[in-house]
Amino acid sequence: MRGLKSASVAIVGAAESDLGLCAPGTSPIDLMAQATLRALEDSGLKISDIDAIFSASTQTRYTTLALKEYLGLEPSYHDNSHIGGASFMTHVAHAMMALEQGLCKVALITYGSTQKSVSRAAASPREYNPYETPYSPFLPAAAYAMAAARHMHQYGTTREHLAQVAVSARQWALKNPIAWEKTPLSIEDALSAKMVSYPLTVRDCCLVSDGGGAILLTVSDRARDLRKKPVYVLGVGEALSHLSISNMPDLTVTAATRSGPLAFNMAKLGVKDVDVALLYDAFSINTILFLEDLGFCPKGEGGRFVQGGAISPGGSCPVNTNGGGLSYCHPGMYGLMLLIEATRQIRGECGDRQIGGCEVALAHGNGGVLSSQATVILGAQP
Amino acid sequence: MSTFNLTAESPLGVFKQFCEEGKLAYQVTPSGQAVFYPRIVAPQTGETLSWQISKGEGTVYSTSVIHLKGIEPYNIALIDLDEGFRMMSRVEEMPPEKVSIGMRVKMKMSKDKEGRALPVFVQGDSK
Chain A
1 MRGLKSASVA IVGAAESDLG LCAPGTSPID LMAQATLRAL EDSGLKISDI
51 DAIFSASTQT RYTTLALKEY LGLEPSYHDN SHIGGASFMT HVAHAMMALE
101 QGLCKVALIT YGSTQKSVSR AAASPREYNP YETPYSPFLP AAAYAMAAAR
151 HMHQYGTTRE HLAQVAVSAR QWALKNPIAW EKTPLSIEDA LSAKMVSYPL
201 TVRDCCLVSD GGGAILLTVS DRARDLRKKP VYVLGVGEAL SHLSISNMPD
251 LTVTAATRSG PLAFNMAKLG VKDVDVALLY DAFSINTILF LEDLGFCPKG
301 EGGRFVQGGA ISPGGSCPVN TNGGGLSYCH PGMYGLMLLI EATRQIRGEC
351 GDRQIGGCEV ALAHGNGGVL SSQATVILGA QP
Chain B
383 MSTFNLTAES PLGVFKQFCE EGKLAYQVTP SGQAVFYPRI VAPQTGETLS
433 WQISKGEGTV YSTSVIHLKG IEPYNIALID LDEGFRMMSR VEEMPPEKVS
483 IGMRVKMKMS KDKEGRALPV FVQGDSK
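Quick mapping for you: the protein sequence lines, in order, are chains A and B. Numbering-wise, the first sequence is residues 1 to 382 according to this note's numbering. Numbering-wise, the second sequence is residues 383 to 509 according to this note's numbering.
Hints are computed from structural coordinates only; laboratory data are not their basis. Since this is a predicted model, take the numbers as computed values, not measurements. A portion of the hints provided could be inaccurate.
Below, a list of computed lysine to aspartate or glutamate pairs in the DMTMM-like style, where the Cα atoms sit at most 20 angstroms apart [stated by the list, open to error]:
1) B:K495 / A:D18
2) A:K68 / A:D49
3) A:K194 / B:E439
4) A:K194 / B:D464
5) B:K495 / B:D507
6) B:K480 / B:E496
7) A:K194 / A:E181
8) A:K182 / A:D49
9) B:K405 / B:D464
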């Protein structure tokens, strides 16, 4: 984004909370606090060092107030911006602005959800839309299903291509000890799974998990004195498109076509420089759309691009090495989990799933029904 | 300047009243651009909008069949009306999986769960 300076800030701490299914009574703020303490431990910073809070939640509306109260923080800056799952990429951009301007010194971005424990309906009730709700559209799944149907119609993408996205995610998940899914998945398994919203089966849809995470950012000069190798924020871009799926101009083209170039231009990098891509896979079609819209393959070729395992372990274009929202964890809004994995890949902390010589990682967030798109490019070097 | 007096009527209220009369209403800008959903001013320009009645003829832009526990699979679709606006609806009176992208459809005023008028679509004549 224009006005921000590439590599002025770095991620210095990153951690997940407990993931999967939490004990009854666990609150989203419990999960955020746990992840925050783990991120502090990762960085060598203390609670009292945090002077800016960035968060968003569907379960606790005044999230920054809740965190201030729970952890006894004294923020000089805060931001509760909420654009769905991409909120946390937006928070990186906003934290960068605040840090560059000297409005704060250590920024916390955190998220937590108990949507598996309390049910999705309770954790994320949908707003009534008088022009959509009467048709019982089963959102968000049906919106992504209609994007997939349109992509299949226009570009010859097949259900097998969609299934391959789920299979690749599962192959990565089997290399991640904390991923939820523990068993192999075949194309046939994915195709024959329970249909949710045609053409998407349950295997094309993300997990419903409890969980959360936290990252800490500070200015790059200070980052170099902390516990871990700084992970520099090289580029950020955000783009808003629409609120309801009825108002998305073209269901096969997302606003990642705008957020991507903003981030790449700021980083002075191109797709060829990206060693690992973390793409918000709430549904299998997302990965295909974002591969196209961010420039990893031409428009319409996403299905054929993933066919044969390009995004699987050992493939030419590693994507979603944590196992993705499809097989690792998806706590309602997933963007922060992508930033955590991207940070770990740059640091070389990913064990069996580590991408060799990972210098540049792209984390792309999506919110709503392909509504908001935000891209963050992280690097090992400023 | 919007001429809408929100203490007297709302965009949704007017739309629903037309529905009760069996009419699918939409709005147009002074230059004739269709706008949907109904609102108090035109997006981008802030110009005053006027109401029009759609012929109710259109094409399926995209479609899905929703499978939920305990109920029969049903259709959901985005319809591009010939006047140049898109809306969410359902295509009825045919198996939901037979609804296809590009299919011609025409509006039929149905009723929602509360018995209020709700525009749905059925298969139409080819163009």
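Restraint status (C-alpha distance of B:K495 to A:D18 at most 20 angstroms): 42 angstroms, violated
Straight-line alpha-carbon gap A:K194 to B:E439, limit 20 angstroms: Not OK: A:K194 and B:E439 at ~34 angstroms, beyond 20 angstroms, violated.
Restraint status (C-alpha distance of A:K194 to A:E181 at most 20 angstroms): Distance of about 17 angstroms is within 20 angstroms: holds.
Pair hint outcome, A:K182 versus A:D49 [Cα-Cα no greater than 20 angstroms]: Violated, because 38 angstroms separates the two Cα atoms, which is more than 20 angstroms.
Pairwise hint evaluation, B:D464 against A:K194, where the allowed Cα distance is 20 angstroms at most: 36 angstroms, violated
Given pair status - B:E496, B:K480, alpha carbons within 20 angstroms: 28 angstroms, violated
Pairwise hint evaluation, A:D49 against A:K68, where the allowed Cα distance is 20 angstroms at most: 13 angstroms, holds
Given pair status - B:D507, B:K495, alpha carbons within 20 angstroms: It is violated: about 28 angstroms lies between the C-alpha atoms, which goes past 20 angstroms.
Pairwise hint evaluation, B:D464 against B:K405, where the allowed Cα distance is 20 angstroms at most: 15 angstroms, holds
Checked against the numbered hints listed earlier, the structure breaks hints 1, 3, 4, 5, 6 and 8; every other hint is satisfied.
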